[in-house]
Amino acid sequence: MFQNYPCHRYRSQTLSRRSMLQQCSSGFAALALSALSLDRAFASESTEPGRAGHGPHHQVRAKNVIFLYMDGGPSQVDTFDPKPLLDKYNGRDPAEFFTVEPTQFNNNGKVLASLWKFQQHGASGLPVSSLFPNIATCADDLAVIRSMTSEFPEHTFANYFLHTGSGLQGRPSMGAWVNYGLGSECQDLPGFVVLNGGLIPPGGLDCFGSGFLPASFQGSVFKPSGTGVANIERTEVNSQSQRRKLDIVKQLDQLAGKEVGKHDALESAIRNYELAFAMQMAVPEVMSLTNEPQHIKTMYGLDAEYEPTRIYGAQCLIARRMIEKGVRFIELTCPRVGGDRWDQHANLKEGHENNARAVDQPIAALLKDLKQRDLLKDTLVVWAGEFGRTPFAQGSDGRDHNPFGFSVWLAGGGVKPGITYGATDDFGYKAIENRAEMHDLHATILHLMGVDHTRSTFRFGGRDMRLTDVKGHVIHDIIS
Amino acid sequence: MYWKLSKRWNGSSFSCTQSSGMRITAFSEATHLCIVLSLALVLSALSRSLPAQQTNNGDGEISFSAADIAFFENKVRPLLVEHCYECHSVKSPKLKASLRVDSRQAMIKGGDSGAAIDVEHPDESLLMQAITYEGYEMPPKGKLSDEAIQTFRRWLELGAPWPAEAEPTVAGSEPKFDLQKRVAEHWMWKPVQNPPIPAVQNRDWPKSDADHFILRELEQVGLTPAKKADRLAILRRLYFDIIGLPPTAEQVAAFIEDSSPQAFENVVDQLLNSPHFGERWGRHWLDLVRYAESRGHEFDNDSPNAYQYRDYIIRALNTDIPYDQLVREHIAGDLIQQPRLHPDKNFNESILGTGFWFLGEWVHSPVDVRKDEADRFDNMLDVMSKTFLGVTVACARCHDHKFDAISSNDYYALSGFLQSSDYRQVPFESMEQNRLVAEKLQLLDQEFGNELKKILVDVELNFPTPQPRAIRSDKFIVDYSNPAAGDFIQDGVIFGFAPRTQGELYLDNNGSVKIRPATVAVNDSFWQGLKAITEGAVQNSSQLDQLPKPGRTLRSPTFEVTDGNLFCRVEGKGHIVACVDSHRLIAGPLHGDTIRGVNETDRWIHMNLKRYMGHRLHLEFVPADSATLAIHLVAQGISDEERRQIDEELNRQEVAYQVFAQTLDSLVNPTVERRRTIFADFESGSYGNWTVQGEAFGREPQTAQTIADYQGDVNHRGKFFVNSHNIRKVEPNKAAGDQLIGTLTSPEFTIECDEIEFLIGGGAHAGKTCVNLLVDGKVVHSATGRDNNRMNEHSWDVKALRGQRAKIEVVDAFEGGWGNIGVDDFAFVHLNTKPPSNSKAQQLVSRWNQQRSQLKSEALFASHTAPAMMDGTGENDHLLIRGNPGKPGKLEPRRFLSAISGEEPMPIPVGSGRMQLAEWINSPTNPLTHRVIVNRIWHYLMGRGIVPTVDDFGVLGQRPSNPALLDHLTTRFLADGRSLKKMIRYIVLSQTYQMSSQSDPNAVAKDPNNLLWHHRPPKRLEGEAIRDALLTISGTLSTKQFGPPVPIHLTPFMDGRGRPGVSGPLDGEGRRSIYISVRRNFISPWMLAFDTPVPFSTMGRRNVSNVPAQALILMNDPFVLQQAAQWRNRILAYSSNSQERIHYMYLSAFARPPSDEELAIASSVLIDPNDPQQWVDLAHVLINTKEFIFLR
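Residue numbers (our numbering), protein chains in the order written: chain A, 1 to 480; chain B, 1 to 1192.
None of these hints come from the bench; they were simulated from the model. Please note that the accuracy of each hint is not assured.
Unchecked claim - Here are the simulated lysine-lysine pairs, BS3-like style, with alpha carbons at most 25 angstroms apart:
# : chain 1 : residue 1 : chain 2 : residue 2
1 : B       : K402      : A       : K258
2 : B       : K227      : A       : K471
3 : A       : K297      : A       : K371
As the list claims (entries may be wrong) - Stretch by stretch, here's where chain A covers chain B in the computed footprint (C-beta under 8 angstroms, at least three residues):
# : stretch
4 : 358-367
5 : 373-383
6 : 1014-1024
7 : 1100-1109
8 : 1159-1167
The beta carbon of each residue, even a glycine, is placed where N, CA and C say it ideally should be.
One chain only, chain A, in its complex shape (with noise of 0.2 angstroms):
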């Protein structure tokens, strides 16, 4: 749908509205480009090299992403990483083998073996611990990065950092980035939607923010049940009534529109109501499960026992479901498990196993469905926390947090399938081989997505500020 620019160096002002929507999508984001545009300050500001929607640089991988997002982050070496020698030295002091950095809660015990058992999957040999049973089926389709680290100890700092590219409060989220860069191809669907399990990650609802790009890219936030997201009930007492009343705002609206003459902004306000009408039914479309077929449910965990597994599988399916409908960004965030999320202070044993017991069918049905639906190629699912934690103990069963080497796993949309990428040194502390920043797994993701990170820019206070700040190296070593 996009006119593919050879490069970003276009001037919006010779652009009509008309052109830049025909050129650039319709939809959603084609929306907000055009309200772009059409502020006026911003539309002289482009003459700049315009960049909203600047579409696609180069191949792309992945059209779409599932972020599986596991707040309070997993434990690397009791998930993706396993460290014999933690058996070995279980119970002995850290600092007999490597220095401890200042930790949050400054509590450190013993080195902790994992207290779940690996072993190596597929025909790849993937090792996957036993936390997760179903995943591992799948474990010829990841590509886990072993030497991911972050650069902040604290969750709200990781969080933003993880899902904006720094660690403060107020920059746009990677599915703004995403839907920024390449607009949305779902008509009646946001381009950016997070759907909410229960938990909303510490830093709040600025991790699906837009920070300084307009509005029209926040992540729209959906619960997986009711109606989903605000306001999209009709408060008439049917349709028609409602597209009777919208046709009388739609016959003054056009009244009054002769007064002022004709202005854009004005035009694309008015289309707004169409595309708002068709959401009231787009939304409980995509979230109804009832037209799904029992065994893709049961697949999913819909009918499992544990009520947080329903939840999430839910949630995939809904994922799954929006995706087909051509949703650009897609994040998940955990339902709620009783514990505090996968961030295990204490009782490392009962948290992360109830944590993994949501997720695991839920996702492996995802990479299944996706895969015998062929929509894996096209889609990028990635499954991160904002930092690992640490290979020892905090007091006598918990895990403290460690940014300095952690797993993440990334599958389908371009990635290389069942491999390791980098690794931690022999306690799985510190990365230390093919170490990754977090800028690296974003410049990667866009990379996927056909997008250059370098050039997908927006220009705000004195910057032309990027997802990936000013650093980031597109790790081609996962790429196919």
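With chain A held as given, fit chain B onto it using these hints.
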């Protein structure tokens, strides 16, 4: 064979200061070397003990043997190329840390952190530290192999051989930062000119000089301005632009009738004088200062009393204080000698301006506090520089600004102002008055003290010889017996104006005369009862905010932690706070050690601050409510022996004054004899004639054996006491400790004593876990525990109740945590006062007491508090290399931007120097400040600034579309007394402002972006204005101003940590949007959808986006429907005639009557005009028309 290589050292300064033995030891630790290699290294190391040989080839260059060079070329250079060149060579797309490793010279010269190699001390070379991952971690992608690391070490051992070759260069390498060149080349640094008024052809059109500048530009390209908008369109613009509200139907009607030529001017003046003006423009201003009432981050803790700043800015704008005053109050309002006072309430307005510094995000438990501080300062400077100067100073935090004439030095020169300043909650309502009272108090005490001394000398009482502190130590941070100039820093006045001096006579809390045995900083009990009022608290886990700090704090000078053991010599009761790197949100797992309680029995408070070695901090001393806290000295790392000596000295001083003090007591102070009679001590082991109700107290008093062990020592007297937390059998699942309730009531008695005294412990629930004194069944005195099982003495003064019949009841009516109470030993106390022996002294002392209590009535004891700045220790900040707090560089003296003020340090006699900074910002010669503010005004009124990037006048911002107009407005602004209102008036009365939105197609073709202003495009209203307009038309807008924020209405879609416990009403109590709470993590979805900015940085220009969420809100949001229904009620009451009703609706919503056609369409909604629901539908329809949210 490496050991054969001859060695040639670089640098004639080489001398072998370390023994070769040490080096061998160091190398022998290398574990992975083959023997030959080890041998080679040992030999090469040994060779260092030999005199260095140097071969100079005549050009001053050092030459190396061919073998050394070969080693470099074969082993070392490939490593450098492979692992380092990407970031550290002339070919790097982006050179990191300013370090190149592609030539020997470049490595010796080094980068931001200094020389990369040190051939004399290879292991200390930054290169080695980096590749061994000690301090730095290079290469970042992963540690080099041990072999590669050894290769580098060996290369350094060899003296870093490198062949003679030309310095690598590459075209387009980073240009040199040339500040003066940048100043010369960019428009914003040029002085403001007063341009002549341009001549125009159409002389009839302009109404103001500004119009000439617009018309001139249009005429030059052959365009004409759009015709004037119709009167009512202008009226609606004026209302929204000036006060942010629509005109009411009545106001529209009156305006239609007003045919006077001054009609517009009258409306403008009326609007500028409206109290709503400040609410409208205050909201603009809040966008600039990232206003919010919570701190965001993980738990969204309160930013207490932030709303006081919001109210301040509304008042300041309504008062139209000159802009330089507004700037001064923001930068240094706390330092203004004659602060601006509120006209009615007389409180200090000026200081409230400084609150803007502290409206940012705060973190509750940062692992790295210094980094946290650097980030906070970054945000503060970012907001300050964008708001007032329109430049992005924060871009220069890590390196010189990429585009503008702002150096990294500039950034840290400004950062020093913040290093020298503190956050506080200031009791702004009482501070001025109490300062006056404190001055009077000082005189009063001196006068009476001196007079009393005379009397005492007359009766031949000899004053002891003063004994100043003999012990001195450089470990003392501050010695309050002899503080250095500027070291006695205080928030408030309760510590007086200096430490109290040895031998001083003073009145204690009971009005008795005492003599000071040592010079010490201590608060005067005169000020007991100060109360700081915080309103609008939602949730705040900051432990600091629990302390009675506001206006009651003594502050030590700032110092660096060089020894983790800090000792304070104190007496009294209160708290000591170590404020590390200005971190203030103490809530969470870390940093709890920075707060220490002080109890009466404490003498030395030891604080273990090892965690903060190398950090800068200061201490704050906070006396407990109704207590004094004396501080003798603060020292770092002193020994037990030294502390013993100090104690001995203080003891000697005490002893020296002891005899004198006793004589003094008998001469001048009345003595009081206390006679106690026990009323109930429960030692019979039963409650006797007390009445027991409920289960909480069981059937009999308790003993230490019958209560639960975990209660600890409850401080009872005798064997038996009352305790309602005793564990006894109750139904299962009941927490028997707290859940049981009951009452214990004494027999009635007649009050004959002066005081009733008892021990009390347990819960602190007022009225629920308490001991009450009842007279006539009414509670006349009540006391609770302090959420502590240990019982403490408490007494009631009952003199006034003598002769009355009374009962005592012990109540446990609380079922939750701390739902228990303990009491013991009720006693009646009779007081017998004996007069002092010297009557002359007695009279003087009683007059002294009298005058003090008279003065006390002049003091203000309760005050609201607000976030504000205070001066700390004046300090310069370190430049941080690459912005990294872990890498401090040189100190950067405080000053303003060098592009404007030059690089000379600012002369700052004392304190932070913020006042001097404010004067630089305000200087009429400063080319930025005034252009920036007039451009903002133009932006808010015209929809786009003359410089569209209102917060960034720099190179990456946009150029002024009409520079002469900008300077014309700026000159006028300065000449007009820097009045914002006058500038607004000037612009809105111009022809330019009043142009129609109907554009000429020809003009649009020539200037599609309307850069020349040939018409006025419609403007979408902000979220706040839309909401306020709804309240206005529905008639439910509250005109109430100011005060704590109205809690936001929480929808089920607003979730997460820190979610406020209380959801506000759907209609926000009808208050204007500016009064609805702004919680960083729970911003109103309505406002977000309509582009209200997230408060993280200066946002002078909001986005104007267009999203379906906006339509969905207006279509389906319950608030909109609620307001539509209210509007309906109003319409139905207004008239019974449908046409009149619709007419009225049009006037209210759009400030114009409907056309016939519109009337017809609107009527078509009303199939049955008698159905009230159909009027809601019509109201809803009109709200959803675009005209409602646009200004035409």
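How does the coverage statement for the stretch 358-367 of chain B fare against chain A, requiring three or more residues with Cβ below 8 angstroms from a Cβ of that chain? That given contact holds, which follows from 5 residues of the stretch 358-367 of chain B lying within Cβ reach (below 8 angstroms) of chain A.
Has the stretch 1159-1167 of chain B got at least three residues whose CB is nearer than 8 angstroms to a CB belonging to chain A? This one holds; 4 residues, not fewer than the three required, reach chain A with a Cβ under 8 angstroms.
Do the alpha carbons of K402 of chain B and K258 of chain A lie within 25 angstroms of each other, as the hint requires? 48 angstroms, violated
Quickly compare the C-alpha distance for K297 of chain A and K371 of chain A to 25 angstroms and report which way the hint goes. 16 angstroms, holds
Could you grab the alpha-carbon distance between K227 of chain B and K471 of chain A and see if it respects the 25 angstroms cut-off? Violated, at about 52 angstroms.
For the stretch 1014-1024 of chain B, count the residues whose Cβ lies under 8 angstroms from any Cβ of chain A; is that count three or more? holds (count 4)
Chain A covers the stretch 373-383 of chain B, three or more CB atoms within 8 angstroms, holds or violated: Coverage by chain A holds for the stretch 373-383 of chain B (3 residues, Cβ < 8 angstroms).
Cβ contact check, 8 angstroms cutoff: the stretch 1100-1109 of chain B against chain A, three residues minimum: Coverage by chain A holds here, the residue count being 8 at a Cβ distance below 8 angstroms.
The structure fails to meet hints 1 and 2 from the earlier list, while all remaining hints are met.
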